[in-house]
Amino acid sequence: MVACIGAAHVDRKAVAAGPVVPGSSNPVSMRVGMGGVARNVAENLARLGLSVTLVSRVGADREGDAVLASLTDAGIGVDGCSCSTTAPTASYTALMDRGGELVVGLADMAIYDELTVEHIEPLLPRLERIPVWFIDCNLPAESLRLLLRRKPRDCTVYVDCVSVANAARLQGILGGIDTLFANGDEASYLSHIPIRAPLDVCEAGYRLMCGGVGSVVITRGREGAFVASPFDYDFFLPPPVDVNEVTGAGDALIAGVIFGRLGGHAMDDAMRLGLACAAWAVEAAETVNPILSADIVIERAGLLRKTA
Numbered sequence: 001m002v003a004c005i006g007a008a009h010v011d012r013k014a015v016a017a018g019p020v021v022p023g024s025s026n027p028v029s030m031r032v033g034m035g036g037v038a039r040n041v042a043e044n045l046a047r048l049g050l051s052v053t054l055v056s057r058v059g060a061d062r063e064g065d066a067v068l069a070s071l072t073d074a075g076i077g078v079d080g081c082s083c084s085t086t087a088p089t090a091s092y093t094a095l096m097d098r099g100g101e102l103v104v105g106l107a108d109m110a111i112y113d114e115l116t117v118e119h120i121e122p123l124l125p126r127l128e129r130i131p132v133w134f135i136d137c138n139l140p141a142e143s144l145r146l147l148l149r150r151k152p153r154d155c156t157v158y159v160d161c162v163s164v165a166n167a168a169r170l171q172g173i174l175g176g177i178d179t180l181f182a183n184g185d186e187a188s189y190l191s192h193i194p195i196r197a198p199l200d201v202c203e204a205g206y207r208l209m210c211g212g213v214g215s216v217v218i219t220r221g222r223e224g225a226f227v228a229s230p231f232d233y234d235f236f237l238p239p240p241v242d243v244n245e246v247t248g249a250g251d252a253l254i255a256g257v258i259f260g261r262l263g264g265h266a267m268d269d270a271m272r273l274g275l276a277c278a279a280w281a282v283e284a285a286e287t288v289n290p291i292l293s294a295d296i297v298i299e300r301a302g303l304l305r306k307t308a
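Residue numbers for the sequence shown follow UniProt numbering, so the first one is 1 and each next one is one higher.
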C-alpha cells in the first residue's frame with residue numbers, strides 16, 4: 001500500500017496549432033483531463049498494480065466530482081480526500097508548443113492551503129499504518145513538517161519539490177526524506193549550488209544528502225536524470241521516445257522509481273523503471289498513459305521481474 005498526499009485537480013492543455021506568438025491570440029486545440037502531482041503518481045502506481053490511497057482536497061463543484069470519480073475508476077482509495085465549501089477545485093492550464101514542450105503553465109492551487117495541520121493530523125492514525133508515503137510540496141510548510149516529523153520509523157517517504165517556490169517549504173526538514181525528487185532549478189535552490197554543468201549536479205546532490213536526505217533524484221529533461229545515494233552517484237539517459245507531450249513525465253518517473261524500490265530493485269534499476277514510465281508518459285496524449293502496466297515498463301527498462 002502507498003499513500004499519496006498532495007494535489008489532485010483538473011488539467012487543461014492547450015496545444016498550439018503553430019509557432020507561439022507572445023502578446024497575440026494563438027490558435028490552439030484544448031484538452032481537459034485529470035492532473036495533480038500526487039494524483040498522477042497515484043494513478044501511475046495503480047496502473048503498475050500497486051494498492052494506493054490518496055489524501056487531497058477538492059471543491060464542491062463539478063470539477064471536484066470528476067476528480068473523485070476518476071480516482072475511484074482507477075481503483076485509488078479516496079477516504080483521505082475532503083471537500084472544501086469555500087474554494088474551487090484546483091486547476092492547471094498548460095500551453096504546449098507543437099513539439100509537445102511546455103511554453104507556460106498556469107496554476108490555480110489556493111485550495112491546497114486548506115490542507116493544514118488541523119486537517120492532516122486526524123488522518124495520521126490511518127497513514128501511520130501505511131509503509132510508503134509519497135508527498136508533493138503543494139501542501140503548506142507546516143503540514144509537510146508535521147508529516148515528516150510523525151512518519152513511523154519503518155515508513156519510507158518520497159517527496160517531490162513540485163516547483164522552486166514550493167521547494168522553499170522543505171527548508172529545515174530535509175532530514176525526514178528518504179528520497180527527494182527535484183529538477184535542476186529546485187535542486188539548485190535547496191542546495192545553494194548554481195547548476196551549469198554535470199559536475200554541479202553532482203555537487204548539488206551531495207549537498208542535499210549532507211542536509212539529511214537519504215537519496216536524491218535530479219531530473220534533467222531530455223538529458224535524463226542524476227541519482228545520488230549513499231552507495232553511488234550516477235547519470236541515467238532516457239530511452240528513445242516519440243514525444244507527444246511532456247506533461248506528466250516527472251510524475252511517471254516518480255511512480256516508476258517507487259514501483260521499482262517496492263519490487264526489490266536497487267536504486268539504479270528503479271531509475272531505469274522510472275525512466276521507462278516517463279517514456280510511456282511522453283508518448284501519450286493523456287497525462288497518465290492508459291496502456292501503462294508493470295509488464296511493458298519492465299520490458300522497456302530491460303529488466304526481469306523480481307520474484308522474491
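Don't read these hints as lab results, they were simulated from the structure. All C-beta atoms, glycine included, are put in the ideal place defined by N, C-alpha and C. Hints are supplied without guarantee of correctness; some may be wrong.
Said to hold, decoys possible - Computed spacing ranges between beta-carbons, pair by pair:
| no. | residue 1 | residue 2 | range |
| --- | --- | --- | --- |
| 1 | V20 | A197 | 39 to 49 Å |
| 2 | F231 | D65 | 20 to 30 Å |
| 3 | Y233 | R12 | 33 to 43 Å |
| 4 | P239 | A197 | 23 to 33 Å |
| 5 | P27 | F231 | 50 to 60 Å |
| 6 | G23 | L124 | 43 to 53 Å |
| 7 | A197 | R153 | 33 to 43 Å |
| 8 | C210 | G18 | 44 to 54 Å |
| 9 | D65 | D234 | 39 to 49 Å |
| 10 | T116 | G18 | 40 to 50 Å |
| 11 | D79 | R150 | 36 to 46 Å |
| 12 | R129 | G175 | 21 to 31 Å |
| 13 | V164 | Y233 | 36 to 46 Å |
Taking the hints in turn, this is what the structure says about them:
1. V20 - A197: 39 to 49 Å: violated, 29 Å
2. F231 - D65: 20 to 30 Å: violated, 46 Å
3. Y233 - R12: 33 to 43 Å: Check passed, 39 Å falls within 33 to 43 Å.
4. P239 - A197: 23 to 33 Å: Because 24 Å falls inside the window, the suggested range holds.
5. P27 - F231: 50 to 60 Å: About 51 Å separates the Cβ atoms of P27 and F231, which means 50 to 60 Å holds.
6. G23 - L124: 43 to 53 Å: holds, 49 Å
7. A197 - R153: 33 to 43 Å: Holds: the Cβ-Cβ distance is about 38 Å, inside 33 to 43 Å.
8. C210 - G18: 44 to 54 Å: The hint (44 to 54 Å, Cβ to Cβ) holds, given that C210 and G18 are roughly 48 Å apart.
9. D65 - D234: 39 to 49 Å: Holds, at about 44 Å.
10. T116 - G18: 40 to 50 Å: Given range 40 to 50 Å: holds, Cβ gap about 44 Å.
11. D79 - R150: 36 to 46 Å: For R150 against D79, whose Cβ atoms are near 19 Å apart, the range 36 to 46 Å is violated.
12. R129 - G175: 21 to 31 Å: holds, 23 Å
13. V164 - Y233: 36 to 46 Å: violated, 23 Å
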